[in-house]
Every structure is written in C-alpha cells, then in structure tokens.
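With the sequences and hints as input, model every part of the structure.
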Amino acid sequence: MMTTSLPKAILAVSALALTTAAHADVSLSGAGASFPAPLYQRWSVEFNKLKPDIQVNYQSVGSGAGVKNFAQGVVDFAASDAAMSDEEIAKVAKGVVMIPATAGSIVLAYNLPGVTELKLSRDNYVDIFLGKLKKWNDPAIAKNNPGVTLPDLPINVAYRSDGSGTTFVFTKHLAAISKAWDDEVGSDKSVTFPVGVGGKGNEGVTALVKQTPGTIGYVEYGYAHGNGLSSASLQNQAGNFVAPTAESGAATLASVQLPENLRIWPTDPTGANDYPIATFTWLLLYKQYDDAAKLKALKEFVTYGLTDGQKFADELGYIPLPPEVVAKAQAALETVK
Amino acid sequence: MSQPANRANSDEIEEFRSGMDLFRILCWVAAVAAVATLAWIIAEIVQSAWPAMQKFGFEFLTTSSWQPNRERFGVAPFLIGTAVSSFIAILLACPLGVAIAIFLSEDFLPLPVRQTIRFVVEMLAAIPSVVYGLWGIFVVIPIIQVFGTWATKHWGDFPLFAGPAYGNSMLTASVVLAIMILPTITAISRSALVAVPKTLREGAYALGATRWEAILGVILPSAAPGVVAGTILGLGRAMGETMAVAMLIGNSSRLTWSLLSPAGTLAGLLANQFGEAEGLQISSLMYAALILVVLTLFVNMAGEWVLRYFQKKTAGIR
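Each protein sequence line maps, in turn, to chains G and R. Take the first sequence: its position 99, counting from 1, is numbered 98 in numbering that gives the first Met the number 0, and each next residue is one higher. Take the second sequence: its position 30, counting from 1, is numbered 29 in numbering that gives the first Met the number 0, and each next residue is one higher.
Please note: incorrect hints may appear among the correct ones.
Said to hold, decoys possible - From the structure, some residues in chain G lie toward chain R, with a derived Cβ separation under 8 Å: (1) Asp85; (2) Ser189; (3) Gly197.
To be verified - The calculated DSBU-like cross-link candidates involving lysine-lysine, where the alpha carbons are at most 30 Å apart (straight line), are: (4) Lys54/R - Lys209/G; (5) Lys295/G - Lys310/G; (6) Lys142/G - Lys152/R; (7) Lys133/G - Lys54/R; (8) Lys286/G - Lys90/G; (9) Lys310/G - Lys327/G; (10) Lys327/G - Lys286/G; (11) Lys131/G - Lys311/R; (12) Lys293/G - Lys336/G; (13) Lys90/G - Lys54/R; (14) Lys134/G - Lys152/R.
To be verified - Partial selection, computed: residues in chain R whose CB lies under 10 Å from chain G: (15) Thr62; (16) Gln66; (17) Ile136; (18) Asn167; (19) Ala194; (20) Pro196; (21) Gly249; (22) Asn271; (23) Gln272; (24) Leu279.
It should be emphasised that the hints constitute simulated quantities derived from the structure, not laboratory data. C-beta atoms are modelled at their ideal positions from N, C-alpha and C, and glycine is treated no differently.
What follows is the structure in structure tokens.
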C-alpha cells in the first residue's frame with residue numbers, strides 16, 4: 000500500500016505546488032507625487048481586497064523623484080502633478096503613456112478669526128502674493144466683502160519652500176492671469192516668492208496657516224478641508240466668485256479639451272461656475288511591459304482606479320474625473336502593451 | 000639550568016614579533032578608510048557641482064537671487080543666513096554655557112547636585128533635531144511673536160527689528176540653535192576649567208583674591224583656550240544644523256536686515272529643494288553643499304587646532 004500511495008502523494012503535492020505557483024502574488028511598485036498619494040494608497044488597499052494576489056505599493060517621494068525613478072526603470076509606474084515634459088519623455092526608452100487619474104483644486108486657505116467667508120478678486124489674490132496688499136482691512140479687499148469686518152492684521156503669506164507640483168500649477172495660473180507676476184516671478188516647481196514664509200510640503204503650509212492669525216497660503220483642497228481651514232472664494236475669468244467645491248472643480252475639468260497626449264493644465268478656465276485653480280494629476284506608464292503578469296495586473300489596477308476608485312475621490316478631497324476624461328484615459332490605457 | 004616547558008625561548012619570540020601584525024594592519028585600514036570616505040564624499044560633491052561652478056564661479060557667493068525657473072542661482076542670502084543664525088546662537092549660548100561651566104567646576108553646590116546638572120545638560124545634546132523643531136514651533140514661536148509685536152512697536156525704526164514680526168524668523172531659529180549648541184560649549188568649557196592646575200588656584204587664593212576674583216581673574220583666563228575651542232566647535236554644529244532650522248526659520252530667499260523676518264540657511268536650502276531639483280538646480284545645490292562642507296570643516300579644524308595648541312602650551316604647569 001505504501002509503495003503505491005507514495006508516488007501518488009508526490010504527484011498530488013507537486014500538482015498543488017504548480018497551481019499555487021500559477022496564482023503567485025504580483026507586486027507592482029510606483030512612486031511619485033505626494034498630492035494624490037492618499038487616494039492611490041486607498042485604491043491599493045481596496046483593490047487588494049478585490050484581488051488579494053495583486054499588491055500595489057505606492058511611495059510618495061515627490062513628482063520629481065518619481066519621474067526620475069520612472070526614467071531609470073526602477074518602478075513600474077510613476078505619478079506626477081506636472082506630467083512629463085517632452086524632454087523627459089524622450090529619455091525613456093520604452094515610451095510613456097500619461098493617464099489622468101484624478102484631479103484636485105488648489106485653494107487659498109486663510110486664518111482670520113471670525114471671518115467665515117472671504118471673497119478675493121483676481122487682482123486681490125495676485126497682489127497679496129506679490130506683496131502689494133499688506134493689510135487685511137485694505138479697501139481693495141473690503142469692497143469685495145461687504146458686511147464682513149476684516150481685522151486690522153498684516154497679511155502673512157505662506158508658500159511652499161520645497162519644489163512641488165502644487166507650486167507649479169498655482170504659479171502657472173498666476174502667470175496666466177497677471178503679466179506682473181509672469182515678469183517678476185514666473186512659474187515653476189520652485190520659485191522665489193516676493194513675500195512670505197516657506198513651509199515644507201502641503202503639511203508645512205497648513206501648519207503655518209493654522210499657527211498665525213492673518214496668514215493665507217495655497218494648499219490642496221484635501222489638506223484645507225481635512226484640517227478645518229477656511230478657503231477663500233476666488234473670482235474666475237467670467238467675473239464670478241466661486242468657492243472651491245467638488246462641483247466647481249468638476250465644472251472646470253469638464254470644460255477642458257484634452258489633447259492627444261492627455262497633458263493639459265487649465266490655467267484660466269472660462270466657464271461661469273469654474274473654480275479658477277484646478278489640475279489633473281497623471282499616472283505615468285511605459286508603452287511596453289515585458290512581464291505579462293505585471294502588465295495585466297497594472298491594467299486591472301488602473302482600470303479599477305478610473306472606474307470604481309473614483310468614488311473615494313470626493314471623500315478624500317479630490318475631484319472625480321468627468322466621464323469624457325475617463326473614456327479618453329481608458330482609451331490611452333489600451334495602448335499600453 | 001634548563002628552562003620550564005611553558006616558557007618561550009628568545010628565538011621564538013623574535014619570530015613571532017617579526018611576522019605580519021594583523022591587528023596593526025586592520026587599524027591602518029580603518030584609519031585610511033575613514034580619511035578615504037571623507038575624500039570620496041568631497042570628490043563626488045565637486046563632480047556634481049562642476050557645471051554650476053563653471054557657469055557661476057565666485058559670483059555664486061555674492062548674487063542674491065535664487066530663481067530655479069529662470070536658472071539664476073546665488074547663495075548670498077543663505078550664506079548670510081547661516082552666518083547670522085550661527086553667530087546669534089553663539090552670542091546667546093556662549094555666556095550661558097560658560098556660566099554653567101563655571102558653576103559646575105566650583106563647589107557652590109554639593110557634588111551629587113553638580114553631577115545631576117551636568118548629566119541633564121549633556122542630555123540636551125541627545126534630543127533629536129526634529130524634536131527641537133517641533134518644540135520650537137509650539138513653544139518658542141508664540142514667545143517670539145509676542146516679543147516681536149512689542150519690539151516692532153518700540154524699536155521698529157531700528158533696522159534689526161523692523162517690519163512685520165513673523166513667528167518663523169531668524170530670531171526663533173537662533174534661539175533654538177543656541178539651546179542645541181549649549182551642551183557642546185558647556186561640556187568642553189567645564190573640562191577646560193577643571194583642568195586648570197590646582198597650583199594656580201591655590202596661588203590666587205594665597206595672594207588674597209576673593210572667590211570671584213580668582214575665577215574671573217585667574218582661572219577663566221587660563222582656561223580661555225578651551226572655552227574658545229568649545230565655542231568654535233559649537234559654531235561648527237550650528238552651521239550644519241538642518242531640520243530644526245528648516246522648520247523654524249521661514250525658508251525665504253530674500254535678504255533682509257530684520258531679525259524678525261524669515262530667512263534661509265544653506266542646510267535648509269538643500270533639505271527643501273533637493274528632492275524636486277533637476278539639471279542646473281542640482282549642480283547649484285551641490286555647489287552650495289560644497290560651500291557648506293568647506294565652511295564647517297574649516298570651523299571644526301580651527302577649533303581642534305586651538306584646543307591642541309593651547310593644551311601643549313599649558314602642559315608644563317602642574
């Protein structure tokens with residue numbers, strides 16, 4: 000009996016081993032922007048619940064570092080608020096596909112005790128950041144806020160001391176609406192602000208705003224919302240004062256015409272209810288993957304993010320992608336082989 | 000007389016001693032490795048900084064605009080920021096440190112109390128930089144803001160206290176830096192004071208000096224080289240301090256006279272901008288790093304040299 004059952008046992012064990020090998024865990028690694036990190040990490044957790052054998056690790060190291068890792072082939076995918084420039088794309092041998100994964104608005108969070116609603120016209124907020132408006136009760140601001148008593152506090156500007164996609168988008172917008180800003184400061188991930196105090200990361204700017212009454216700073220909507228900071232309503236190109244909400248952000252994105260490579264920044268949206276400062280953030284994938292299992296897992300993960308994953312966006316402070324954008328993104332995903 | 004079996008004869012001893020000394024070789028390797036590592040670090044920094052060094056030359060040290068998007072880089076504000084914050088830290092920490100050292104080297108209090116105080120002061124050196132930064136944000140910034148609002152009202156015309164009073168300013172960072180370098184200055188000054196020969200002390204008292212006349216007129220001047228060395232080493236630490244300063248100084252790249260305005264330091268600049276830098280910005284940051292390394296190396300070498308030189312000079316007195 001033993002002699003016949005032993006070979007059968009060996010056969011059974013090796014069959015079991017082979018089947019477990021066929022369902023081996025696939026592990027994907029990505030790195031990049033800190034802005035969408037909370038959302039991608041939530042997707043990774045929820046997706047893992049649906050497909051336990053696929054694990055996605057996302058490290059929030061910053062857009063610049065993520066793109067560098069991607070160009071060197073160290074990670075499977077990257078994420079960047081500033082997408083990739085044509086020079087950067089040329090350096091990647093395997094080719095790059097940019098897929099808008101989510102979006103967010105940049106808000107001007109402020110700390111004014113007793114002031115729950117603040118309206119800032121286009122000239123107001125450019126002049127605040129240029130250092131031309133020095134006090135909160137300046138008539139230029141007061142005339143946009145009838146009925147609100149603005150305190151006699153100096154305006155304390157808070158900006159990002161580190162290089163950041165948030166600064167990139169914010170300064171691009173200011174450069175688009177004000178020639179004075181474009182000449183004096185320009186736009187980039189890291190610029191020299193004429194006035195104010197620098198904090199490291201969105202967290203640093205949030206902390207600066209919370210510490211001192213009279214401070215105003217630019218942060219992602221999720222950070223302002225999550226920390227109980229009030230955000231100013233900004234005047235858009237149409238002349239309306241728009242508060243940063245999911246609807247006003249979605250309105251901005253809906254009016255954007257995505258080009259072929261899906262890379263665009265709406266620097267000065269024209270719609271009546273558009274919130275003026277909103278941006279996509281992109282997932283960067285290679286055009287070709289050699290590992291078939293990784294390719295399949297990555298495509299499933301990104302498809303999940305573009306469809307079911309969007310429902311977590313609002314809760315975490317991001318803008319859900321409009322359906323047209325999702326359709327274009329999925330079409331771009333198809334080109335990844 | 001025949002030798003006992005367990006005693007080596009002189010031939011065997013000769014053979015053992017003339018062979019390869021493994022321990023000595025290992026020590027040599029360790030020493031060379033330490034020096035080689037330092038040389039390698041500096042070589043790598045110079046290599047990365049070369050494009051910026053070629054483009055900007057010495058103007059890098061005098062230009063005061065740092066604009067990555069316009070490819071204009073100049074570290075003057077950060078160099079001045081490093082120098083001023085370290086200088087003010089020394090100004091605050093040196094008298095305090097020397098006073099504590101004098102107190103700990105004399106017998107004003109019983110020995111157990113002195114030992115406890117000495118231990119606590121040295122524990123200040125063990126607190127991580129980030130923790131100092133956090134403590135500074137919650138405790139020092141509100142105090143400086145209160146002081147700043149008062150100072151701008153009464154001394155606002157004086158350029159050092161001009162302008163709006165920020166919480167994150169040069170003054171805040173300098174105060175926290177002073178606390179961070181206090182243990183260094185205190186420990187080294189205390190050693191220098193305790194090392195003053197008893198003959199000098201006894202001689203001073205024998206000539207009729209009071210306690211304080213002896214301390215200020217005889218003991219402190221003879222321990223002065225040690226105190227100076229301690230101060231210089233503290234300065235070296237203050238210049239390189241990164242995290243706490245980056246969290247408190249406000250990280251601005253503009254030159255200003257006021258102590259109550261935000262400023263920047265070289266170390267803070269590197270910590271903030273390196274992650275997202277590209278191309279010429281990386282070279283410029285490496286050039287700034289090279290300047291910082293040369294500065295701190297120079298300051299530390301000066302401190303070591305002073306200590307060693309005066310130790311030799313006072314070695315004969317017993």
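Item to check | Hints that the structure is at odds with (numbers, increasing) | outcome: 1, 4, 7, 11, 15, 19, 20 and 24
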